[in-house]
Amino acid sequence: MNAELSIEKDAAIEAGGLIFSYYKADYEIKDKGYHNPVTPADHAADARLKEILTGNYPNYGWLSEETVDSKERLERDRVWVVDPLDGTKEFIEGVPHFVVSIAFGFKMDSQFWEYFIIPSL
Numbered sequence: 017m018n019a020e021l022s023i024e025k026d027a028a029i030e031a032g033g034l035i036f037s038y039y040k041a042d043y044e045i046k047d048k049g050y051h052n053p054v055t056p057a058d059h060a061a062d063a064r065l066k067e068i069l070t071g072n073y074p075n076y077g078w079l080s081e082e083t084v085d086s087k088e089r090l091e092r093d094r095v096w097v098v099d100p101l102d103g104t105k106e107f108i109e110g111v112p113h114f115v116v117s118i119a120f121g122f123k124m125d126s127q128f129w130e131y132f133i134i135p136s137l
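17 is the number of the first residue of the sequence shown in our numbering; add one for each residue after it.
Among the clues, some could well be false.
Under the rule of at most 27 Å between Cα atoms (straight-line distance), these lysine-lysine pairs were calculated in the DSSO-like manner [as the list claims (entries may be wrong)]:
no. : residue 1 : residue 2
1   : 66        : 46
2   : 105       : 66
3   : 48        : 87
4   : 25        : 105
5   : 25        : 40
6   : 48        : 105
7   : 40        : 105
8   : 66        : 25
9   : 66        : 40
10  : 105       : 46
11  : 87        : 66
12  : 48        : 66
13  : 87        : 46
By construction, these hints were calculated from the structure, which means they are not laboratory data.
Kindly produce the complete structure, drawing on both the sequences and the hints.
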């Protein structure tokens, strides 16, 4: 588990750097529906997190707020659960109350842990 935590931390820091490169910049805002905005920062961070986490652990499942869900994750014993930019509305408004949220779950064990990185600090 220490190996996963180390990779998770590195991935969160890298995604946070990507997100912060968009902070207070000009970019297109789209709406996913029900007043749920998404930005290029969401997508860039999501892609990088997926690349790092599933690249290091290809047998682990993936569930992200920004990626189309795959039932394949239900067949996996371990799953990454990601919100690459938790606090998108605050991010858009220039309020530094947003985080990279990565959780790791074990199917059979009911264990669950989560790591947050706050890119604006």
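To see whether the hints hold, each was checked on the structure:
1. 66 with 46: holds (21 Å)
2. 105 with 66: holds (22 Å)
3. 48 with 87: holds (21 Å)
4. 25 with 105: OK: residue 25 and residue 105 at ~24 Å, within 27 Å.
5. 25 with 40: With Cα atoms ~24 Å apart, residue 25 and residue 40 stay inside 27 Å; holds.
6. 48 with 105: holds (12 Å)
7. 40 with 105: holds (12 Å)
8. 66 with 25: Holds, because 13 Å separates the two Cα atoms, which is no more than 27 Å.
9. 66 with 40: holds (25 Å)
10. 105 with 46: Distance ~12 Å between residue 105 and residue 46 Cα, so the pair holds.
11. 87 with 66: holds (16 Å)
12. 48 with 66: Within the cut-off at roughly 20 Å; holds.
13. 87 with 46: Status holds; Cα separation ~26 Å.
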